[in-house]
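Q: Using the hints provided, position chain B relative to the given structure of chain A.
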Amino acid sequence: KAGVTQTPRYLIKTRGQQVTLSCSPISGHRSVSWYQQTPGQGLQFLFEYFSETQRNKGNFPGRFSGRQFSNSRSEMNVSTLELGDSALYLCASSLGLAGGFEQYFGPGTRLTVT
Amino acid sequence: GQQVMQIPQYQHVQEGEDFTTYCNSSTTLSNIQWYKQRPGGHPVFLIQLVKSGEVKKQKRLTFQFGEAKKNSSLHITATQTTDVGTYFCADDTGRRALTFGSGTRLQVQP
Chain A
78 KAGVTQTPRY LIKTRGQQVT LSCSPISGHR SVSWYQQTPG QGLQFLFEYF SETQRNKGNF
138 PGRFSGRQFS NSRSEMNVST LELGDSALYL CASSLGLAGG FEQYFGPGTR LTVT
Chain B
39 GQQVMQIPQY QHVQEGEDFT TYCNSSTTLS NIQWYKQRPG GHPVFLIQLV KSGEVKKQKR
99 LTFQFGEAKK NSSLHITATQ TTDVGTYFCA DDTGRRALTF GSGTRLQVQP
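If you read the sequences in order, they're chains A and B.
Residue numbers for the first sequence follow our numbering, so the first one is 78 and each next one is one higher.
Residue numbers for the second sequence follow our numbering, so the first one is 39 and each next one is one higher.
No wet-lab data here; the hints were simulated from the structure.
Treat each hint with caution, since some may be false.
Looking from chain A toward chain B, a few residues come up when the C-beta cut is under 7 Å (computed) [said to hold, decoys possible]: (1) F122; (2) F146; (3) A175; (4) G176; (5) P184; (6) L188.
Cross-link-like lysine-lysine pairs, in silico, DSS-like; alpha carbons within 25 Å at most [said to hold, decoys possible]: (7) B/K108 / B/K94; (8) A/K134 / B/K94; (9) B/K108 / B/K95; (10) B/K94 / B/K74; (11) A/K134 / B/K74; (12) B/K89 / B/K74.
Facing chain B, from chain A, some residues (calculated, C-beta under 8 Å) [claimed, not checked]: (13) P116; (14) L167; (15) G185.
C-beta atoms are modelled at their ideal positions from N, C-alpha and C, and glycine is treated no differently.
Just chain B, with the same shape it has in the complex:
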């Protein structure tokens, strides 16, 4: 079946540094959703990307969908301790089930 790979698995940054997580697939992605899961919490929806080359911003977060729709990225500018958590991308595999990436765990040192 389709696999969505996410890198890195883990990243530790100093508060104020930037952070990026990448979501890659060997096949064309349909629509990408991004979620954040705080430690001990449940995933919370952040955004959905639909179009090739799409870029969306939410305050310090920038989401991109690759031109070939085979990758996506989430970039956080000037991280804060509130950004701590695991970030997941998920492909909706043609409006069927969501296939989640393995997630990137972000730790922010104050």
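Bound conformation, chain A alone:
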């Protein structure tokens, strides 16, 4: 079956702009989690959605938001971009809530903020 897909794969934005990233989970997976990966901070949890509801949230400012649709596809939005938001954004899907189930990661969206 098809893996997790993320679009776009690469993105260049300017400070102050906003961006929306998309994630399509594996068919049948109801949980989608988002992570930010940077060389300095490693893999940091942003939030998790399950059945269209945000179930867990990491320690990120309110500029980072997300949502999940009835088909389990998810989007994350970052408003008022800052240079420090440059990172690889990974989404992962799982059968159940992230804790306790293996996560299947997508290829990521590489965001560069200039």
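A: Coordinates of chain B only, in the frame set by chain A:
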């Protein structure tokens, strides 16, 4: 918040040598998951450990969960160039979010 520390940050070995990465926490870990990320790739799930003292093997890889559930380790016997990548442990913090360790980058010299 909870922190999961991983050591070493980086290890360079000759092909055929063994390799171990350690995952430590000052608080009790819930369940540990291990992932491997190849250069330029995304994390791929390797295994989950749940019970205190648990040991699991996957071919040349041996995973352990400490008796006190405050540490875990991944040992690779006789490394191969295909083992190159970054290995992450992650705690599920009581079936909530996954808290990832900082990762250990493994380089294997042929």
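Q: All hints, please: hold or fail.
A: Structure-based check of each hint:
Interface hint status for A/F122: upheld, as the beta-carbon distance to the closest one in chain B is roughly 5 Å, under 7 Å. At about 21 Å, the closest approach between the beta carbon of A/F146 and any beta carbon in chain B exceeds 7 Å, and the interface hint on this residue is violated. Satisfaction of the interface hint for A/A175 is found here, the shortest Cβ-Cβ separation to chain B being roughly 5 Å, below the 7 Å cut-off. The beta carbon of A/G176 is positioned within 7 Å of a beta carbon in chain B (closest approach about 3 Å), and the interface hint is therefore held.
A least Cβ separation of about 6 Å between A/P184 and chain B falls short of the 7 Å threshold, and the interface hint therefore holds. For the restraint placing A/L188 at the interface with chain B, the shortest Cβ-Cβ distance is roughly 15 Å, beyond the 7 Å limit, so the hint is violated. Distance check on the hinted pair: B/K108 and B/K94 sit about 17 Å apart at the alpha-carbon level, within 25 Å; holds. At most 25 Å may separate the alpha-carbon atoms for a hinted pair to count; A/K134 and B/K94 exceed this at roughly 31 Å.
The hinted pair formed by B/K108 and B/K95 meets the criterion: a straight-line CA distance of about 20 Å does not exceed 25 Å. For the suggested pair B/K94 and B/K74, the alpha carbons sit about 16 Å apart, so the restraint of at most 25 Å is met. The straight-line distance between the Cα atoms of A/K134 and B/K74 is roughly 24 Å, inside the 25 Å bound, and the hint therefore holds. Between B/K89 and B/K74, the direct Cα distance comes to roughly 21 Å. Compliance with the 25 Å bound is thereby established for this hinted pair.
For A/P116, the interface hint is violated, since its Cβ never comes within 8 Å of a Cβ in chain B; the closest pair sits about 10 Å apart. At its closest, the beta carbon of A/L167 sits 6 Å from a beta carbon of chain B; the interface hint therefore holds under the 8 Å criterion. A hinted interface residue such as A/G185 counts as satisfied when its beta carbon comes closer than 8 Å to some beta carbon of chain B; here the least separation is about 6 Å, so the hint holds.
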